[in-house]
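Novice: Chains as they are written, first to last, in the working numbering: chain A, 1 to 433; chain B, 1001 to 1333.
Treat the hints as calculated values from the structure; they're not laboratory data. Ideal Cβ positions, reconstructed from N, Cα and C, are used throughout, including at glycine. Careful: at least some of the hints might be erroneous.
As the list claims (entries may be wrong) - What the simulated footprint calls covered on chain A by chain B, stretch by stretch (three residues with Cβ under 8 Å from a Cβ of chain B suffice, anywhere in the stretch; the number is not a length):
(1) 29-36
(2) 39-45
(3) 122-128
(4) 224-234
(5) 242-248
Claimed, not checked - A few chain B positions that, by computed beta-carbon distances, are all more than 12 Å from chain A:
(6) Met1001
(7) Val1112
(8) Ile1118
(9) Lys1143
(10) Gly1185
(11) Leu1256
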Amino acid sequence: MKLKTLTAAVVAAGLLVTSVPALADLNFPMLSYRTGAYGANGAQFADGYADYFTLLNERDGGIGGVKAVTPECETGYKTDKGVECYESTKGDGALVYQPLSTGITYQLIPKVTQDNIPMHTMGYGRTSAANGKVFSNVFNYPANYWDAASVIVKHLSDVEKGDLKGKKITLVYHNSAYGKEPIRTLEELSKKHGFELKLLPVDHPGQEQKSQWLQIRRERPDFVIMYGWGVMNQVAIKEAANIRFPMENFVGVWWSGSENDVIPAGEGANGYKAVTFHGVGADYPIFKDIAKHVKDAGKAAGDGSNIGKVLYNRGMYAALLAAEAAATAQKMHDTKDITSAQMRDGMENLKIDEARMTELGLPGFGPEINVTCENHGGPGLAAIQQWDAKAEQWKLITEFVESDREIIDALIAEDSAAYAKENKIEDQDCSKG
Amino acid sequence: MSPDFLNVIEVILNGLMAGIMYSLVALGFVLIFKASGIFNYAQGVMALFAALTLVGFQTGQVPFAHLINATFGTDVHHWGSGMNTFLAILCTMAVMILFAWLLERIVLRHMVNQAPIILFMTTIGLAYFMEGFGDLMWGADIKNMDVGLPSGGSFWLEDVTKGWASEGSEYYGMYIDVLDVWAAGIAILLVISLTLFSQYTKTGRALRAVADDHQAAMTVGISLRSIWIIVWSIAGFVALVAGIMWGSKSGVQFSLSLIALKALPVLILGGFTSIPGAIIGGLIIGIGEKLFEYSLGGMIGGATENWFAYVLALAFLMFRPQGLFGEKIIERV
């Protein structure tokens, strides 16, 4: 009996030590996925997210002198598990959530609003959450799905010297809430630019896409845009290469633009493009610090092989934005041990200019960010990257350009108003400044 | 010929090829169900595990590297430049046989005479275990599968068929992925080998005896345990073939285990106990779903293949509940 009690006490103590951060720590829980069908992508993002906070802890002693912790909860990219993870970690002083799944995001929007915990869904989630008046606790800066669609069309327009009239553009999309997000925007853009839009859904997981690519081969669209995730991306890029579709006319959203997506197609993927809201590669000063303070010190979240890859960089960038918002909150409220409500304020007043990015070791990595009470979506700037199969590298081939605000702002206003009406939400008062 | 007619032929041909790919997965299910009455939920994960192991051997990856490095503070990832493909396939087969032996020793021998639902639940547990074990052993990153099989559209077929369309019509020739043609050839070889093995070898006849009546087989001295090891090893080999073909299409990644979903309608249609049924079922599903998507898919929003395969299988089920080639079960009370 005594042995049993002792064992239980040791196990309980162990659990407390490993899963609950000390009270003084800044807690950034990670709803990550390192297993399952999407684990290869989730692991890279999670490594980048964790490594950045490790860097701050090791190099700077944390954020404002307070250590940051990143307890992980495995969601397996499953919505029910994501909600479970949220419920089980929110009581530990969680400052902000990054669910890395549009499905989980939709379920958490009412919960985080009620619990007054901010949620950051950069480049995914509910696009109209960019309207801060309606979505007080949800942030999707620096860019969203609709920005991506618009910047892709802008790029295609540039390729066609400003005239897309009569051109055929096909959207190959993951047949889910995520994949359907750009349809409305592309429909509006097709009216504006005069191109013909064709929609081709692909069911989860997307391992078999012969029908879709035979159709593309028969109809010969001028351009193909892809909103895919996981195996759908690899198969689509390979099928496109098989039917000898010109890869420079095939552009993916940022969730279809990692090394994982193109490497299985080998040389065939050469020239494939994707839109991105951050820089690519490891040629930034910060990576020297990561090597010195994190990887070489044996403190990296993974084995270090993902450092500098697209999804690693994205996770690192997400952590950077969270850390900057936490520092902003510390200054605003003149306290080091901030609460989730104060973190929300920090996110709503986040300002990062190029000088600050340079100071952080990431010059030119991302656009300037100026979040406000009304605009939780940030600048909506994005660039185009292109895959060089020989060098096995992504290269930025454009500057960060602005999306079509005329169309996107109107769509955000319309969709968020519908959400507010449906959920009886009153606009947040943004007049206080 | 009109381009529309040629397009239909192209869709049918590609449906046939896709069907063969589904059959490759379904075959593994049939083999185990025939010999032991177990619906092996882990068949898709076995294909994933076999493919991971093959690429691991090919690239010289150190198994459990992450665990070793975390435990001992080392930094090992590869033990050399790797093995050639043939040797890697042999080593992978050895791993699958070892897996079958361990499975029999640790799990199956304790499950003798259990209800089918218990055995099914066991394979669910096995699937989750193998997925996690594969992750721990080889890592979760996406790996390139290259066993030297050619892939991509056939230039020859394109050129030959271009001229078949009526003059002046816009037709780009017929498309078939060379990898699919190889898959078809390999599947045919596999079925012939399995048939010859079960008809003309002593072990094969023992397998059939166990499939017919395992209690009667035991009374004539056939070891049920040995048979189970053999059957799971053969299913492991079929899983390896399926893993190679599917892995060549999409890279080796954890979603590979979901190919089992593609095999289910094939099994419903072809029957759980027939090897030819798995092939014919796969072909019918492949052609059916592709033709439906081509002719009506666009009108109802597209992406019909996943659900239509099941509709087609269920339609057959209404007339032949045991599947096209399944054994009719008559129970007298």
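Novice: Looking back at the hints listed earlier, which ones does the structure fail to meet?
Specialist: The structure breaks hints 3, 9 and 11; every other hint is satisfied.
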